[in-house]
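Asker: Chains as they are written, first to last, in the numbering used here: chain A, 41 to 371; chain B, 41 to 371.
Bear in mind the hints are in silico, worked out from the structure with no lab data behind them. A hint or two may mislead.
A pair holds if it fits inside one copy or across any two, identical chains being indistinguishable in the list.
Quick list of in silico lysine-lysine cross-link-like pairs, DSS-like style, CA-CA up to 27 Å [claimed, not checked]:
| no. | residue 1 | residue 2 |
| --- | --- | --- |
| 1 | 253 | 122 |
| 2 | 45 | 220 |
| 3 | 184 | 319 |
| 4 | 370 | 98 |
| 5 | 151 | 239 |
| 6 | 319 | 182 |
| 7 | 253 | 151 |
| 8 | 253 | 319 |
Protein chains: 2
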Amino acid sequence: MTANKQIVLAARPQGPVTPGNFRVVEAPVPTPGPGEVLVKNEWLSLDPYMRGRMNEVKSYAPYVELGAVMVGQTVGEVIESKDESLKRGDKVLAALGWQLYGVAPAREVTKVDAGSVPASYYLGVLGMPGITAWFGLHDIAKPKAGETLVVSAATGAVGSVAGQLAKIEGCRVVGIAGGKDKCDYAVAELGYDACIDYKAGDLRDRLREACPKGIDVDFENAGGEILDTVLSLMNPFSRVVVCGLIAEYSLAEPYRYRNMRAVLVNRIRMQGMIVFDWKGRYEDALAELRWHVAEGRLKYRESIAEGLENAPAAFIALLRGGNFGKQLVKL
Amino acid sequence: MTANKQIVLAARPQGPVTPGNFRVVEAPVPTPGPGEVLVKNEWLSLDPYMRGRMNEVKSYAPYVELGAVMVGQTVGEVIESKDESLKRGDKVLAALGWQLYGVAPAREVTKVDAGSVPASYYLGVLGMPGITAWFGLHDIAKPKAGETLVVSAATGAVGSVAGQLAKIEGCRVVGIAGGKDKCDYAVAELGYDACIDYKAGDLRDRLREACPKGIDVDFENAGGEILDTVLSLMNPFSRVVVCGLIAEYSLAEPYRYRNMRAVLVNRIRMQGMIVFDWKGRYEDALAELRWHVAEGRLKYRESIAEGLENAPAAFIALLRGGNFGKQLVKL
């Protein structure tokens with residue numbers, strides 16, 4: 041067996057993340073104790089929330105210590121099991137982080153069926169991002185048929201599921217994404233009614249054109265200027281699901297929102313969400329997501345980086361919107 | 041009968057309201073038609089929302105036209121009735137605006153009982169401000185006993201009711217008000233656990249001291265720097281009732297909020313409210329408010345300006361926090 045390879049947090053970012061914030065290290069492959077499994081990771085998920093974990097600030101989850109392996113969800117194969125619930129060769133979903141091998145208690149990993157769908161789907165449409173979209177939409181936004189929903193980061197792992205689920209509910213769906221390719225894909229493949237390239241300028245005017253009846257739901261993944269602009273076009277009794285604020289994560293100073301008054305005037309309900317809060321109910325979401333995927337109603341696109349060494353560059357690109365679809369690293 | 045006197049909107053404010061935005065005019069006392077009543081106004085309510093009506097912008101209610109009588113709620117006495125539901129001498133709550141006499145359809149005024157409580161109470165604790173506090177607290181904030189609630193404009197018409205109702209619910213209540221007198225009153229008379237003078241500086245540190253377990257509910261009447269500071273101290277799953285943003289109403293440029301990220305990290309639910317949305321249910325609130333007032337559990341303070349001519353000055357002072365308690369004009 042080769043040695044383990046890991047990417048650790050070398051330095052906390054000041055503003056934008058740089059390659060120097062990470063370091064590749066070698067370490068012995070760990071040995072599983074009783075009740076544990078050793079997993080060879082095959083896929084690593086890269087997600088915007090990881091940016092938050094790089095800061096030494098109190099949040100809903102602990103931050104990564106300097107010198108520690110970067111956190112992240114993984115899909116891999118059990119190569120040694122010290123627990124009867126799992127055996128060598130099983131494919132499992134785990135949170136083993138940015139490394140080639142990891143050990144975890146068997147009860148903290150989930151066996152997945154890699155026969156009917158690719159194993160990597162459990163990091164995206166059938167994983168945290170898909171579940172996030174499902175609960176944000178159904179438990180917070182609660183859109184009604186005929187309402188207009190706007191979704192930012194519209195072709196990303198969460199946004200693409202939220203937008204397609206809203207189409208299934210009968211909404212008019214308008215995406216916001218960076219670049220013509222993503223916007224074309226959102227309309228042609230994901231079935232959105234429109235998609236606006238925020239890099240092309242005039243966001244407010246284009247959004248107003250695309251939402252002639254105003255905006256009833258904003259499924260917010262971007263934040264910053266995008267959220268602020270959307271706020272100014274929201275209808276009375278509309279809802280904002282604050283799911284992600286990727287545009288803010290790399291700013292040294294937070295973006296300063298000017299349209300808070302719209303919350304009062306239009307009685308907007310704005311609510312933050314972290315998927316962990318639904319932990320006991322993931323299966324509600326997954327059952328429906330699996331069905332939609334099996335029936336071909338949920339399109340899903342992956343953006344794949346090759347090799348652990350390329351994880352930092354792929355992550356930095358993700359934070360700038362350089363990915364197109366769910367960002368993964370093939371290990 | 042003397043002539044009617046009215047205050048009309050003379051010019052739209054650019055930034056802070058000035059006396060020049062108003063003009064006193066004389067007009068004939070109007071004559072009621074069939075189904076209408078003529079009312080001699082005795083009390084005029086001054087409220088922060090009126091600032092919004094002075095701007096020519098689309099909002100939840102129409103703006104005041106240039107040259108038109110300023111809008112506002114009034115309590116007065118029927119002096120001529122062309123409807124069998126009301127008779128001369130009845131005290132009524134109406135929305136006759138900034139003038140001495142007004143005519144309204146009988147079905148648009150509400151007869152009030154001025155025997156058990158002063159008639160002016162129907163413009164405050166037993167009127168829109170009290171109802172606003174009740175629904176904001178019970179329908180949106182939903183505080184639990186033991187939770188910490190912060191209320192800004194803490195001794196004002198809405199804030200004082202919201203804070204006292206929260207005390208009745210068993211909350212720790214921390215007010216924010218301008219000046220030592222108001223803060224002393226909030227603790228000694230309204231029964232708050234603490235009250236912070238935002239003009240004394242160090243708002244965040246003092247608020248943190250007064251809320252050792254963080255903030256679970258913010259009943260927001262002020263906005264601007266106050267709301268932004270409160271946001272930074274809110275607990276996971278906390279609620280912000282956006283009831284008023286008086287600190288913003290007179291700014292030429294909106295205040296720019298930097299702590300939106302707290303909404304995501306702490307899964308804050310922030311919701312705007314306008315009391316009209318509960319129109320069919322006012323009596324639910326009023327029944328309880330009347331009971332609390334009758335039992336002496338709700339303290340209520342009025343700030344009274346004498347004479348219609350003094351309404352503009354009193355309104356300008358109100359917007360700067362110069363009132364101490366519910367602002368009225370005795371006509």
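Asker: All hints are to be evaluated individually against the structure, with a verdict given for each.
Answerer: Hints, one by one, checked against the model:
| no. | hint | verdict |
| --- | --- | --- |
| 1 | 253 with 122 | neither (59 Å within a copy, 43 Å between copies) |
| 2 | 45 with 220 | neither (38 Å within a copy, 62 Å between copies) |
| 3 | 184 with 319 | both (25 Å within a copy, 24 Å between copies) |
| 4 | 370 with 98 | neither (31 Å within a copy, 53 Å between copies) |
| 5 | 151 with 239 | neither (41 Å within a copy, 59 Å between copies) |
| 6 | 319 with 182 | both (19 Å within a copy, 24 Å between copies) |
| 7 | 253 with 151 | neither (45 Å within a copy, 40 Å between copies) |
| 8 | 253 with 319 | between (36 Å within a copy, 25 Å between copies) |
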